[in-house]
Amino acid sequence: MSSSAENPTLTAEITKPSTEIATETAQSAKKITLKTSDDQIFEVEESVAMEFATVKSFFEDAPSSTDTVPLPNVPAKPFSQVIEFCKEQIKFKANPDETEKKRSNSEFVKEKTNEDLVEMIPVANYLEIKDLLDVLNQAVADRIQNRSVEYVRSFFGIDNDFTSEEEALLREEHAWAFEDVDED
Amino acid sequence: MAADHEQVEEIMARSCNSNVHFHDIPDAILSSIFSLITDTRSRNAMSLVCLKWHLIERSTRTFLSLRGNIRDLFLLPTCFRAVTNLDLSLVSPWGSPILDSSPNTALLAQALHWTFPSVVTLTVYARNPSILKFLAPQWPHLRQVKLVRWHQRSSTTLGFDFLALFEHCHSLASLDLSHFYNWTEDLPPALEAYPSVAASLSHLNILNYTSAQGFKSHELLAITSACPNLREFLATCIFDHRYFGSVGDETLLSLATNCPRLSLLHLVDSSSMSAARGNPDNDGYTDGGC
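Chains as they are written, first to last, in the UniProt record's numbering: chain B, 1 to 184; chain G, 1 to 290.
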């Protein structure tokens, strides 16, 4: 879908981190250097980096460290999207507006392909960004909701590993739970 | 057109496969994604996707409205062990007592317990008192109970319908009788007989959709003085002061004194309930309340 069109802009951001946009407050001027699993270097504003609980605790242990923080479980592509999300989040920290935040969050996931979402989840999990993880979980749930089995399988690239007997047995179990009589 | 669509999906599926697989998501996260989906159809579909999804779906399914025929109850699948919220009011034929007086009744009740060991919220069509007599002991930790009955009341003793429930389920926090046909005289003596259960109730819904009867002032007072910890109380009553037992300012003040923690009081005149009877799915808040 849009993934091929999105990729060039993402790589552009990796090579030239455009963190200047949100430098409003003085303390956010400090940059933190992070290295992803595929050896990409990211320079991120401190305020953004502190959104990552994992990175935050790293600096709590060594406050004056200026070293590059390695993120061994984080590939660059989903990471740049995670940064994008956290930048948005910080704006809402300064002036909380729940409806606007919700809108922005749903805007954020709406544009993403399934692949993007699925790649971001382990990253959000590793970096312990709870807000993002909640948003992603909900987004994936929304994409599963009301879909047929075959659709979900092909959409998420999952192979059917049931034997036909097993599948028939499962469908029998569901006879107890069907909300409506018309099955499909 | 359909072929095009399929092709696109195929391409997308392949692009997923090439890099990150959906299976790379940790099980704990997959579980929390699954628990966001409550719709039964979607859940049924999810459990058919693959073996792993099946296991996670079953372990996160907490709601189940049991459909199917009563005579097949002993064939119940034992896969829904995580269900905490069970609705037994919709098995067919609708309204018939789910446990009859056959010698297998006790066994069947036990089977229900084994099949759904974690139930804390139960909705059941309690056609007669013996249904709860068999079911309530199976789930002593029930917290929310909704009784349903549109058939006539069968017992002769006042409040007999509730005794088994109160006797076995001491941590009952919420009781919904809005779709349970009974007399307004039934509830007060039952609550008074089990003061500890009455005291643990924080939500009581006795809006009466099943008859035109409203609770009389002294019945409301008896109920509220038995249940001092109510936070939410919904009831049908009589406001017209020409009737016996009508609710006036004095009753309202006493209600507030009886239940100091009350944060929701919803009293509806019985005459305005008759119009709402047509919609049993109504959430209980109708027009004409106070």
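Hints were generated in silico from the structure; no laboratory data involved.
All residues carry an ideal CB built from backbone N, CA and C; glycine is no exception.
Any given hint could turn out to be false.
Stated by the list, open to error - Computed spacing ranges between beta-carbons, pair by pair:
no. : chain 1 : residue 1 : chain 2 : residue 2 : range
1   : B       : Thr33     : G       : His141    : 16 to 22 Å
2   : B       : Arg103    : G       : Arg81     : 38 to 44 Å
3   : G       : Pro103    : B       : Asp161    : 24 to 30 Å
4   : B       : Ala175    : G       : Gly95     : 18 to 24 Å
5   : G       : Ala212    : B       : Leu169    : 47 to 53 Å
6   : B       : Glu98     : G       : Leu51     : 20 to 26 Å
7   : B       : Asp161    : G       : Ser31     : 18 to 24 Å
8   : B       : Glu107    : G       : Ser155    : 57 to 63 Å
9   : G       : Leu264    : B       : Asp61     : 47 to 53 Å
10  : B       : Thr54     : G       : Leu51     : 41 to 47 Å
11  : G       : His141    : B       : Ser57     : 36 to 42 Å
12  : B       : Glu98     : G       : Ser32     : 36 to 42 Å
13  : B       : Glu60     : G       : Asp24     : 28 to 34 Å
14  : G       : Thr38     : B       : Glu107    : 21 to 27 Å
The hints, checked one at a time:
{"no.": "1", "hint": "Thr33(B) with His141(G): 16 to 22 Å", "verdict": "53 Å, violated"}
{"no.": "2", "hint": "Arg103(B) with Arg81(G): 38 to 44 Å", "verdict": "39 Å, holds"}
{"no.": "3", "hint": "Pro103(G) with Asp161(B): 24 to 30 Å", "verdict": "43 Å, violated"}
{"no.": "4", "hint": "Ala175(B) with Gly95(G): 18 to 24 Å", "verdict": "20 Å, holds"}
{"no.": "5", "hint": "Ala212(G) with Leu169(B): 47 to 53 Å", "verdict": "49 Å, holds"}
{"no.": "6", "hint": "Glu98(B) with Leu51(G): 20 to 26 Å", "verdict": "40 Å, violated"}
{"no.": "7", "hint": "Asp161(B) with Ser31(G): 18 to 24 Å", "verdict": "19 Å, holds"}
{"no.": "8", "hint": "Glu107(B) with Ser155(G): 57 to 63 Å", "verdict": "59 Å, holds"}
{"no.": "9", "hint": "Leu264(G) with Asp61(B): 47 to 53 Å", "verdict": "48 Å, holds"}
{"no.": "10", "hint": "Thr54(B) with Leu51(G): 41 to 47 Å", "verdict": "32 Å, violated"}
{"no.": "11", "hint": "His141(G) with Ser57(B): 36 to 42 Å", "verdict": "39 Å, holds"}
{"no.": "12", "hint": "Glu98(B) with Ser32(G): 36 to 42 Å", "verdict": "22 Å, violated"}
{"no.": "13", "hint": "Glu60(B) with Asp24(G): 28 to 34 Å", "verdict": "29 Å, holds"}
{"no.": "14", "hint": "Thr38(G) with Glu107(B): 21 to 27 Å", "verdict": "25 Å, holds"}
The structure fails hints 1, 3, 6, 10 and 12 (numbered hints given earlier, in ascending order).
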